[in-house]
Amino acid sequence: MTPRTMSQQTTPSAVLEVKNLHTQFDTRAGVLPVVNGVGFRLEKGKVLGLVGESGSGKSVTGFSIMGLLDAPGRITAGEVLFQGQDLARLDAGALRSLRGNRIAMIFQDPMATLNPVLRIDVQMLETIRAHRKMGKAEALEHCRATLARMGIPSPGERLKAYPHQLSGGMRQRVAIAIALLNDPELIIADEPTTALDVTIQAQILSEMQQLVRETGTSMIWISHDLSVVAGLADDIAVMYAGRIVEHGSVDAVLDDPQHPYTQGLIGSLPSANQRQRRLQQISGMAPNLLDLPPGCAFAPRCPRAQPACEQPPGLTTIAAPSTTATAHTVRCFFPGAGADLSRSAA
Amino acid sequence: MNQRSTATPVAARAAADAGKVQSMWSQIAHDFLRSKPAIFGLVILLIVVLMAIFAPFITPQNPYDLMQLDVLDARLAPGAESMEHGFTYWLGTDGQGRDLYSAIVYGLRISLLVGIGSAAIAAVVGTVIGLVAAYAGGKIDALIMRVVDLLLSFPTILMALMILAYMGKGIGNVILTLVLVEWAYYARTARGQALVETRREYVDAARGQGIPQWRILLGHILPNCLPPLLVIAALQVARAITLEATLSFLGLGVPITEPSLGLLISNGYQYLLSNEYWISFFPGVALLLTIVAINLVGDQLRDVLNPRLQK
Amino acid sequence: MIVWLLRRIAQAFLVVLAMSIIVFAGLHAIGNPIDILIGEDLNQQERLEAIAHLGLDQPLLQQYFSFLRNALQGDLGTSFVYNEPAIGLILDRLPATLELAVVALVMAIILGVPLGLYAGMKPASPVSKVLMSGSILGFSLPAFWVALMLIMVFSVQLGWMPSSGRGDTRSLFGIEWSFLTLDGLHHLILPAFNLALFKISLVLRLTRAGVREVLPQDFVKFARAKGLSETRVMIMHVLRNTMIPLVTVLGLELGSTIAYAVVTESIFAWPGAGKLILDSINSLDRPVVVAYLMVVVVIFVTLNLIVDLLYKLLDPRVRLEAAQ
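Chains as they are written, first to last, in the numbering used here: chain H, 4 to 349; chain E, 979 to 1289; chain F, 2 to 325.
Note that these hints are calculated values from the structure, not bench results.
No experiment lies behind these values; they were computed from the predicted model shown.
Using N, Cα and C, we set each Cβ at its ideal position, and we do this for glycine too.
Where hints are given, some of them may not hold.
Here are the simulated DSSO-like pairs of lysine-lysine, each with C-alpha atoms no more than 30 angstroms apart in a straight line [stated by the list, open to error]: (1) F:K313 <-> E:K1117; (2) F:K222 <-> F:K313; (3) F:K222 <-> F:K130; (4) H:K136 <-> F:K222.
Interface residues of chain F toward chain E, partial, derived using beta-carbon atoms under 7 angstroms [unchecked claim]: (5) G135; (6) I137; (7) P143; (8) W146; (9) L149; (10) V154; (11) F155; (12) Y261; (13) I282; (14) S284; (15) V290.
The following residues of chain F were derived to be distant from chain E, with all beta-carbon distances above 10 angstroms [to be verified]: (16) S21; (17) L49; (18) L69; (19) P127; (20) G185; (21) R233.
Given the sequences, and given the hints that come with them, work out the whole structure.
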């Protein structure tokens, strides 16, 4: 919980480095390459927004990092380096001791993630006591204090409550508090505000922002909504069909999007500046992972698609990394601004 | 099929529904056959039913005809030869000299008759009552459902004992008892399913067309209620057969002159302690195979039909 | 909550009342009530006296009310065979039946829950498949036949366990119990296991289904994400949530077990209430039959009530809504 000081930042240290991660699901219908060669670095104290539509593999990336893949999913290649340790190769016991402790996760629907028949204090206490020895009174006080930090009024009473007695926003705050209990170095938040209504969403977003600045915790914020991530993230990675198609600092990606998919996403955001223009829609349907085209997965929906796109595109660097921003890379043979996707053939 | 007039949307929907129903059944059959235990069960069941139907042709003796029995042949071990009649008692004989194999096959007849018969009657009665409850709604519905709940919360064996205690033994009484005990299952499911179906749009559309309620009930709602009822029926047959066997075993079921499998087992009970196990054992195996087969089939049927119900 | 409780109790009373009407009506509607209640070997004078004494010459409704009145005072008629109050006969034997039923249920839980948990956690393993097939066998097998086979194998062939009777008993709270003596336990094992077989299969399947339903839910994943040990996840989160519906089912099954004890008691000559009613049915001792039915109805209704109450207490969602 120590505030970050500028003097400690001589070299940016990567809290998390994912290299060429491949996760597949072996189903009866076939092998689904849900995460297909994903790689990124996350520095200490930074927030990465991982954005994509449902089915893009963003949540599975989060689960792969945590080692929480359900059968029939499994990691088939790549490295997940957390502070230098490869999580993908760690045994179950070591992984377990990291989870909820140094890496924490927040899920989408807090009503589903909190056990409905257990009290809040039970569910919070067990997180602490799974990882360190602490007396019950001391642990309870820590829980109460963390709840208070999340802005929950009368935290002492809330501890004795059951999940269904709290409102949706309150429950999510509890879930976030649970994530914070053991001072993690990394928090993976999987669409934490999607299930909440808009006003609560905004509140929690700003609270998370404050938290990150205060504690220097790194965060991966997974979302399908670019606008949610825009205010909070330092970097943005856009995922499509299991691959990262564009990655860069938030300013670079939002102001100068290179990939046609990113441009489509931005264009479909209702924004105050474009009130007169029709909302753009990305034509076509989400890709079927069983039947991906060779080469670029976005090609069927892309207005700029050329025969060359039948080869898998590699990463092109648009802007080199600097001290203040990560590299801006894009996975496209024809990156560039100004595609109007609403005119693509149906 | 396209010659049928699809002028009204309801008729068009009905035609589409009919087509859907047909392909639904073939899909069900296909899914069903995917499970090996279920196929095994089905095969056993077919064998059992065929044996029961063709009983006189496949047995050397009619075990109900007292003239054919020879008391001197009583309690012979399996494989013994009959002096008088010139055939082998493959499964031994019972206390009255009956060829156990013949007794089992004829006993199967009775067990199946009672089991399937009572399940079928109970199904019809229960479904009608359930549909009536769904159709009538309001107080009548509440009353019927109260009775159903009451019946279902009471253990079947006690009810059966109670009824038979008052009415006395006999095949007819046994079937009646089983029907009285079983109809509630069908009623509850039929009513529940009917209520779900009534809320669907095509029913409103049909009503808007002025089609009478009863015709909607029979033509649309009933066919859609069939899958879960089928599952219940399959499992109920097994329960009915078991219940009849238990009642007969306790001496409260079918008369001694026409023993079902349960009664055969009961007859053999007394010889158990003198190690003449076969008199109870083989009828038990036959009963067991039948019930297991029905349960396997019913289980798979339920697995196959359930996801469909949720769609 | 109190309102709900009172309403439930009133409901229970109504059910018992309804049953009493059915029993009474059955008694009088089928067969000649005079023959049924009095027995057949009395001469004419004694018959007339008996009829007057039992009030059988009065109108039906009045008879019903006197039946009710007597019942509320604990008098449910006198047995023909034993010439004692019927209710006394039944209550004498009830502990034996209850003992059998409870032990059977305990067996079912001890065996069924862990096995069901395993089958739910690893549904594809060969052990699980064997368990599931075995469970189909478990509730397909007719209980009476299994009893015979058990006796065959364990009593006749192996001679390990007695085939009938209750063995020694010891008194606790003024009632005789078998499980307090070694010999009694020895006699308990086979019949209790026989009674439990069906239940074990049921519990196994229910637990497995419950586990399979709970396991993929998000809160289990979240518990793992918190870094909890697998044991704790399984017990505190998975099992805990599975048990609530299971407990209520088991409570109702206790009633059903008491009923099915009739068969087991008959085969193992276990001197319980079930054997009594069977003998009474066969010897046409109707007062005992009536008394037994009424007692069972009361037990059932009480069990149902307790189970409903238990469910409300165990599931915090339901409990707190009821309080508000």
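Evaluated hints:
no.: 1; hint: F:K313 <-> E:K1117; in the structure: 27 angstroms, holds
no.: 2; hint: F:K222 <-> F:K313; in the structure: 27 angstroms, holds
no.: 3; hint: F:K222 <-> F:K130; in the structure: 25 angstroms, holds
no.: 4; hint: H:K136 <-> F:K222; in the structure: 23 angstroms, holds
no.: 5; hint: G135; in the structure: 11 angstroms, violated
no.: 6; hint: I137; in the structure: 6 angstroms, holds
no.: 7; hint: P143; in the structure: 5 angstroms, holds
no.: 8; hint: W146; in the structure: 4 angstroms, holds
no.: 9; hint: L149; in the structure: 5 angstroms, holds
no.: 10; hint: V154; in the structure: 10 angstroms, violated
no.: 11; hint: F155; in the structure: 12 angstroms, violated
no.: 12; hint: Y261; in the structure: 6 angstroms, holds
no.: 13; hint: I282; in the structure: 5 angstroms, holds
no.: 14; hint: S284; in the structure: 11 angstroms, violated
no.: 15; hint: V290; in the structure: 6 angstroms, holds
no.: 16; hint: S21; in the structure: 13 angstroms, holds
no.: 17; hint: L49; in the structure: 26 angstroms, holds
no.: 18; hint: L69; in the structure: 19 angstroms, holds
no.: 19; hint: P127; in the structure: 14 angstroms, holds
no.: 20; hint: G185; in the structure: 22 angstroms, holds
no.: 21; hint: R233; in the structure: 32 angstroms, holds
Taken one by one, the earlier hints fail for this structure at numbers 5, 10, 11 and 14, listed in ascending order.
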